[in-house]
Structures are given as C-alpha cells and as structure tokens.
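Asks: Each chain, written out:
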Amino acid sequence: MTEDFKDNKVIHAQSSETIPGGAGGSVPDLDYVRPAEVSDQDLYHGHSFITKWVFCQDAKVIGIQYFCLATFTGIIGLILSWLMRLQLGFPEAAGFMTAEHYYQFVTMHGMIMVVYFLTALFLGGFGNYLIPLMVGARDMVFPYLNMVSFWSFFVAVLVLLASFFVPGGPTGSGWTLYPPQAILEGTPGSGMGIILMCVSLILFVAGFTMGGLNYLITVLQARTRGMTLMRMPLTVWGIFTATVLAMLAFPALLVGSLMMMLDKLLGTSFFMPTILKAGEVLEYGGGSPILFQHLFWFFGHPEVYIVALPAFGIISDLISVHSRKNIFGYRMMVWAIVGIGALSFFVWAHHMYVSGMNPWFGFFFATTTLIIAVPTAMKVYNWILTLWRGNIRMNTVMLWCLGFIVTFVNGGITGIFLGNVSVDVPLSDTYFVIAHFHMVMGIAPLMVIMGAVYHWFPLVTGKFLSEKLGKWHFWTTFLGAYSIYFPMHYLGFIGVPRRYFEMYDSPYMTSAVGMNEFISLAAFLVGAAQFILIFNIIKSLKTGKVAGKNPWQANSLEWLTPTVPPEHGNWGDRLPVVHRWAYDYSVPGAKEDFITQTTAPSEVADTKVEKT
Amino acid sequence: MSDPKIEGYEFKPGFGGMAADTASDQTMFKGVHWGKAMMWIFLLSDTFIFSCFLISYMKGRGSTPVEWPNASEVFGLHVFGVDVPLLLIAIMTFVLITSSGTMALAVKYGYEKNRKMCGWLILATAIGGLTFVGMQAFEWSKLIHEGVRPWENPFGAAQFGSFFFMITGFHGTHVSIGVIFLFIYAYKTFAGHYDERKRGWFTSMKGDYVEIEILGLYWHFVDLVWVFIFAFFYLW
Amino acid sequence: MHAGIIFFLVILGSVLFHIFTPWYWTDIASNWGSMDDTITLTFWIGGGVFVAVCLFMVYCVFKFSYKEERKAEYKPEDKKLERILTWATTLGVAALLAPGLVVWNQYVNVPKNALEIDVMAWQWGWQYRLPGEDGKLGTTKIVNINDNNPFGIILEDPYGKDDIMIQSDVINLKNNRPVKILLRSVDVLHNWYVPQFRAKMDAVPGVVTYYWFEPNKVGEYEVLCAEYCGVGHYAMRGGVKVQSEQDYEIWLQEQETFSELIAKQKKIELNETKLAKK
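Residue numbers (the working numbering), protein chains in the order written: chain A, 1 to 612; chain B, 1001 to 1236; chain C, 2001 to 2278.
Okay, chain A solo, but in the shape it has when bound (with noise of 0.2 Å):
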C-alpha cells in the first residue's frame, strides 16, 4: 500500500495538500479516472411478483429478506430468553418448566442468537444491501448464487425450528454441543434434537459460503472506477473480513457437526471414549471429546469476530457521519480490522483453559488473546478520538453509538479477565462468563444493529424513523441491559455457574436471589422495549417523515443513488466515480461540511482535503 502510482492519480494519504485552484483548464487531468476495466453487468431483471419479491437475485431484496428472517428468529431467541429468566428469577411462577425445558431454551437461545440471528443479520442483511452500493457495483458479482444462499438459510431455519415439534424436542446440549453429552441420554434432544441442529447448521454453512463468496468477489473484483480498497468505508471493510474469517472458520463447525452426526447415527466413535451409563458399558471407544471442543472453537472463536468486525465496521461509519468529522486514523481503523481478523485464528483455545487440554498450551493462547487487545484498544480509542472536536449531532443514531462504546469497553475489559489464563480459571463457567459475552457479543452489537436500522432507513424506505420513539427504543434498551449483564458480573465472582436451573440453597449463593429477581426484571423489560422498534418502523412506514436524498449529508456512496430507495441496478444509466475516501467531513475551505466521494476534484477546488 506504500507503492505510489506513476501517474500520481492515486496517492495514499499522506499528508494535507491543497488542491491546486484556477478555474477551468490550468490542470486539465485533475479528475481522470481510469477507465472501466471489465464492461457494464449483465442483470436479470424480475418480471413478476415471484422474480421480484421472493426468489427475487437483488443484492438489496435479498438483504431485506435475510433481515426480516433473522429478526423473526431473533424474536424467538428473545422469547427464549425471557422463559429463562422467568425460572432463574422467579422459579415459583415458571412452575410448568422443567429442567429439560430450561436447557433447550438455553441452547436454542445461544444458537439462534449467534448464529441465526447475529451472522446472518451482519453479512446476510447489511452484507448484501450495502456492499454492491458501497462500492459502486449494480449488484452482487452472482446474483443467482446470491438467491440461494437466502433460501439455504431460510430451509436451515425452517429445520432449526422443526427441531420443536420432534420427539423429544430440540438439543438441550448447551450451544456448545459438547459430545459426549450431545448425543446421549440424559441430554434432552439427544435424538431427533441434536441431528435437526447438525443439519442446519450443514445447511446454514453451506448457504453462508454461496453468500460468502459473493461478498468477497464483489469487493476485490467489482469495485467502481476510482474505488481503491483505502477508499471503502469501514463497513465494507469490516463485512469483508469477517466474510473472510468466516470462509475459513465455517469448515470447522460444518466437519465437527458431520462427525457428531456420524456418531449418532451410525454409531462411529469419533468423540466418544468408552463409556458407562446406567451399569453398561456402551459400544463406543476410542474416541476424543476434547476434539470437538478444538473443532468447535476454531469455528466459535473467529465466530464472535465475525460478529464483532461488520460492527466495528459500522459504527465507525456511523460515528463519523454524525460527529461531522473524518473517522480518525482510517488506516490504523483498516489494519486493526485486519489484524483482528487474523489473530482470531489463533486464540481459540482459550474457550478451553480448564477444559482438559494439555494445560501447556494455556501460555501460548492466552498470550495471543491479549495481543488481540492491542488492535481493539486502538480501534476504540479512534472512536472516541473521532467525537474529540467533532460536531456532534445528538440524535438517536448517535445515541445508539455512544451506548455501543460504554457497552463494548465494558464488555472488551472483562474479556481480558477471561482471556488471561488464570485469571480465567475461578471465573470460567461462572456468570461472569455469561455477563461477559453478552455484553461483548450481544448488547453492544444490537447496539449498532439498531444505530444501524436508525441510520440507514431512510435509504431503505425513503422515509425517517421516529425521533422520539427512538429515544425511548434506546434508553429502555441501554440501561435495561447495562443493568442486566453489569451487575451480573458479581454473580460469577461470587461463584455461581452457569447453566443452573435451580441455585437450591447454597449458604454463598442465597445473596444472589434478590439481584436475579431485579435481572429478570430487566429483561422483561429490555425483551418488550424491542417492540417500540417494530412499532416505529410501522408507524414511520406509514406516516413517517420523507427524507429525500442523502438525508444526512453522508458521503459515501450508497447515499448518491439517481433514485432513493436505489432502484435494482443501483446506479442507473451510469456507474459513479470516485475520487476520494469517503471521510471528507468538515473540509477547511469547502463550502459544505461534506464533500461526497463522487465530487470530483476540481468541484472543491482551494480546499485543504486530504489525498486518499
């Protein structure tokens, strides 16, 4: 990236330079742009209801409709959660749940939510809207392929939720999956549950990797003229990372619920050693628990970033538009994305210090986790260095910002407890572990999901989304949740475990009754005030305010469409050129306190604007 091109058109930044002036002709190649180097795309364009709706090959529509879907399972997964809490906080009431209950609820909740919900919403969802306009393609580079993947996820959700209505009920295994326990009784779901669940997610890869491909052939491959890779927004570079992570962690989990399978049904022994249950020595032998764990976390580790990076993406996005002020250090934001990326290939075992795995490896992996603080540190401390003398607009968008940096430090700090080995070992498997994650991976991306949805509605619809709605949406939110997963930190210090569904009367755990009874109120309350959200999008739907082109003054391209919402194709008669990053806020000399990224050189002459 260091390499300056011949022709000094493209010049990564460097340093401030101002834009030689002198109106017409004194700089004659001042907005050249090579020209395109493969021809125009070749659409199909749907016809019918069928073709344009529901197998529908529009990198937008199917976004769309990977939300839509993984909204609906994410409701189910918070449906889940409040029947949890229901019997962690007030078992007398939840009188009709029984043990098994509660840990099907428990397993369905995590699968749902890190996978069907969170993955397919990041790169299933905002993946296929905004890479093609991101980047100034007309759609994705297979559109086809692109349809399929949608309806690969929609069959493996279809299976995921079949699992309820089979014999014995869904997995009950912990999302985990952990074998032997999986597939044997005294697990609930250990028959029908657990194959529905390793066939779905069979299917979920095999969806994912169609999507997959897509996303990264149309950010190396189908970038507009003037589109460097330093000149995409972070959202695209984040999608594209963990896209790529997720190419390369997805084998694992697909190999590992493969094998799981053969074990359960042909009765292999792959994961399973020799076994006694109930007097009898079962005819397995031979096999390796652990190496499911091994397969798993080289999947679950990279998992939590593929998570993690499309939001960091975001947010910085969000927090630059609405600060008015380049996103600060773009470059270091870029590396740290990438980094990030590839140290997460590297620390999985530290899911395992007290797991049984030679303890020797503990030194190695914990010491690579706490490299991985390093990026992360910076790319926060870029956040909030790009709020320091920005101007900052206080609307909901930005509010869903802030309580993402609070949520995501926390969450981040609490991480370096777990990842450093022993510190781990009296808080693993405690509710430490619990509060951790949830705030990391699950409160402080729901928060840019939802600073998200906020942000870029009004490119979707055409339409505003309620002000004031908002803002009750988010501080029921933020503080509801900080107040379930903060203090419940100080359960796992005390020492309660995880995935109990009866604490009985333990002389240290009695103290820990009153605050679950205040946790599962706060969940109740967090769960319901998700509607406000449904809510609003109906109401503003219908009678919202119009928001017109480029409602917030972005820069990036999504926002530059001929026709807002942006029409199959995107862009029209003619693709957009870009001549800049698309940080240029608050440029010294510019007229406006933007400057777009098809603006053309010589249109904001005399200003100091970076060179990117």
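Incorrect hints may have been included.
Stated by the list, open to error - Heads up, simulated EDC-like pairs for lysine to aspartate or glutamate below, C-alpha to C-alpha not over 16 Å straight-line:
1) K591/A to E603/A
2) K2217/C to E2245/C
3) K591/A to E2245/C
4) K2067/C to D593/A
5) K608/A to D2162/C
6) K1188/B to E1213/B
7) K2141/C to E280/A
8) K1198/B to D42/A
Just so you know, the hints here were simulated from the structure itself, not pulled from any lab data.
Assemble chains B and C onto chain A, guided by the hints.
Replies: Chains B and C only, in chain A's frame:
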C-alpha cells in the same frame, strides 16, 4: 502467463506489482474473471474442510488405544496368486491424475475455440472420474465384504473404518459432483453453447469458455486432495 | 446534554456499585490468593481504562455537541498520538499478562508432596479414592466398574489393593496439605469446582485431567459441577470437609480399603451360598 492488457493501467513486476494491484481501483486480481476468482476462494474454504478432516484423523488415530490396522495389508489386492499391496489405489491414483491432464488440455482447446477437441477431452476427463468413483465403489464393497464398518472392523481400531469411509466418501462426493458437471459441460461444449454465448438455464448468464477453466480448477483441486488422502491413509 | 449526564451517571453508578457491592467473591480457603490478586490487578488497570474512555466520551458529548456555526476539526490521523497509545496499551496488556502466566505456571506444576485424589464423576454424582499406605493409586479401567469394584480398579495391580474408597459425595481433606485432584469421568464432561478454592478443571471421559490446590481453612464447603453435563447438572453437588490433622486421621481410619471391600463381598457371597445350600 503474460499480463492482460488494461487501458490506463501499467503492470509492475514482482512484489511491487502485487502491492500496486492491491492498491489500485476496480479489481485486485487484474483481468481475472469473477467466476475464476470465486472458485479460488471456494477452494481455499474447501481446503480448510479437508484439513479439518485430516487433522481430526491424525488426532483420532493418536487417541484410540487400539492398534491401527496395517494399511498395506488391508488395502492389498490378491491377483494371479500374488499379494500386491496398494495395487488398486495405484491404479485409481493414476487414473485420477491422468484425468487432470486431459482436463488441462480441454481448457487449452477451449480457449482456442476448438469445440470438438475440447468436448472430447472433457468427456475423457468425465470418464476418468467415473472410473475412479467406480473403483472406489469396488474398494468400499471389498472392505465391507471383509467386515469393515464405520463403527468397527476386524483389523483393529474402529476409528479406521470411521475415518476411511467418511473422508474417502466426502472426497468421492466431490469427484461425483465434478463428474456430473463435466458431463453437463461436455454437452454444452458439443452443443456450442460457449461459442454462441447462450444463456445458462439457471443463472441466465452468458456462456463462456472460461467456465471450463473454472471447472478445471475444481477438478485439479480434487486431484490434489486425493494425493493427501492417499498419503495419509495408504502410506502412513 | 441530558444524554451526557445519563452516561456520566451510568459510569459513576458502575464505580459505586463496584465499591459498595455486597456481592463479591467468597472468602478464599486455598493457596490461590494469587488468582484473586491477578483479578484485582486486572480490575485496577481495566477499570481505569473503562472509566477513562467513558469519561472522555462524556466530555466530548458535553463539549462538542452540534452547533450550526461550528465546524469540526479536519484531522485524518496523528501518527505520534497513535504510536503513544499503541505502546501504552501494549505495556498495560503486558503488565496484566505477565502475572497471569506466572500464576498459571504454578497452577500446572504440582508440588511433589501433593496428595493424589481420584475424583470419579458420573451423571450425576461424585465419589473419591485415596491412595493407601503405599502412597500410590491403582490403575483403573472403566469397563471393570461394577458393584464389587466401584472404581474399576484393575485387580492385578498391586497398588490398587490398599486404595481407600470413599463412596460418598463428601471428601475430607487435611488442612495445609496440597492435593492433586485427578479427575475422571465415566460418561460425560463434568467439573469439580469449589468456589472457595478458586481452582477448577473439567473431567473428561477417556482421559485423566488434574489440578491442584492447598486448602488452608478448616471448614465445610460445597462442591459444584461447573461443566454442563445434562439435565441433572444443577443438582450435581458434593461436599468437602477440610479438617485439622488429628480429625483427618481419625476420619481416615474409618474408611474402607479396596481389599477390605473385596473381603466383605466374598463373605457376603459365602453366606449367600451357605444359605442357598440350607
């Protein structure tokens, strides 16, 4: 391979050139077809799948307390009164590698727009693949006949059967999918779909000879994976 | 403005909650005070960063809220500042990591004089085995487990004969004597965890895992299973009694050895056959 001609873009040699390509606009891999780039990335992902399988195999082989069967005996073939170790596998490997050669030639003739030659070579590749799958079916049935099952086998550790059937099965599925596509592509070549740039039935995208190269990449990858499976299962 | 105040109150509330919380760790009863120390250290450094970052954010909200006439600063990057921040963070992280690794080194290296205890887990319960006078545990095999041989000890192994079997979910430990917990499971994953001892490790079927600690406070503690093991997970409790040396010896004398158990079984069988003959 020479660089493609791109208007307004100058290629540079070596790492500087790579950095320049990366830093440029529009495309990172200059002149590379979208589908071809996609296949490369898909294969990278697929490599991780096979790596997970093979690493699991090594771990499984290490953790089982029962003796691992002797590969050259289990996979030996008794022909004309002599025990020849690994005979069938040698032939299978030879056939598959040869089919890689015919595939490469098919790609070459495809780009030369030599429809007939290209079609025949794809067909030859398909038949090579089919032969491979057939011999694999023979080997499977021989082993099953001898009592090897995914959950047990008379020669030693049960994991031997589990891993063998799972991994060769997964690879065989890859080969079979490749064979199906080879037949389809052979038909499309003979029918002239690539010359006419006829639109595909599913994707409605225009046909192009580059599709043969993309399938070729997949086919070579499947061969390469076989080499690893061969080394890990039959020689270790 | 209001937003800034609320965010400030959230930060303030977090700090106050931490200072005045009635929920905090249980009194430690083992040698792993060093783990508590590393947690405290992480709290100081991490908590400091959390408060600093959030207060900076709140300050920005107060100071730089939108004003029509103001223009934001245009400053894409500041190499020097970024470098300082990177190094400061690296230093902080190293300061957290180093003690963590030192403690982990102690955790994985068991002292020579540690008493080995075989902790056997199943769905859903615990039982324990102590070495006899020879100081060594006999080797075991899961397939050998039956009513007469509850631990699956290999009968030919001479070390196994004098092993002391405690077929109860409560184990007694000698105060101030390090113990090496050897964990095994006959079915699924479990984890023998006493919050007051801080330490824990999974029991994995098929392998023997270990960890060690030195109880240093006489008393009775509850054992919890800390790795999900099926529907009975939450009910899989046990107990530990840490005793003074005299009390411990008295208790130990009352326990049965493997050979005693075999003898008793044989006697019962003999009686049964006699009865049958009559």
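Asks: Now, for every hint given, state plainly whether the structure supports it.
Replies: For each hint, the structure was consulted:
Of the supplied pair hints, the one linking K591/A and E603/A holds, its CA atoms being roughly 11 Å apart against a limit of 16 Å. Simply put, K2217/C and E2245/C have alpha-carbon atoms about 12 Å apart, close enough for the 16 Å limit, and the pair holds. With a C-alpha separation of about 85 Å, the suggested pair K591/A and E2245/C falls outside the 16 Å cut-off, and the hint is violated. For the given pair, K2067/C sits about 12 Å from D593/A by alpha-carbon distance, which is consistent with the 16 Å threshold.
Among the hinted pairs, K608/A with D2162/C is inconsistent with the structure: their alpha-carbon atoms are about 87 Å apart, more than 16 Å. The suggested pairing of K1188/B with E1213/B holds, with an alpha-carbon distance near 14 Å, which does not exceed 16 Å. At roughly 14 Å between alpha-carbon atoms, K2141/C and E280/A fall within 16 Å of each other, so this suggested pair holds. Distance hint between K1198/B and D42/A is fulfilled; the C-alpha atoms sit about 13 Å from each other, no more than 16 Å.
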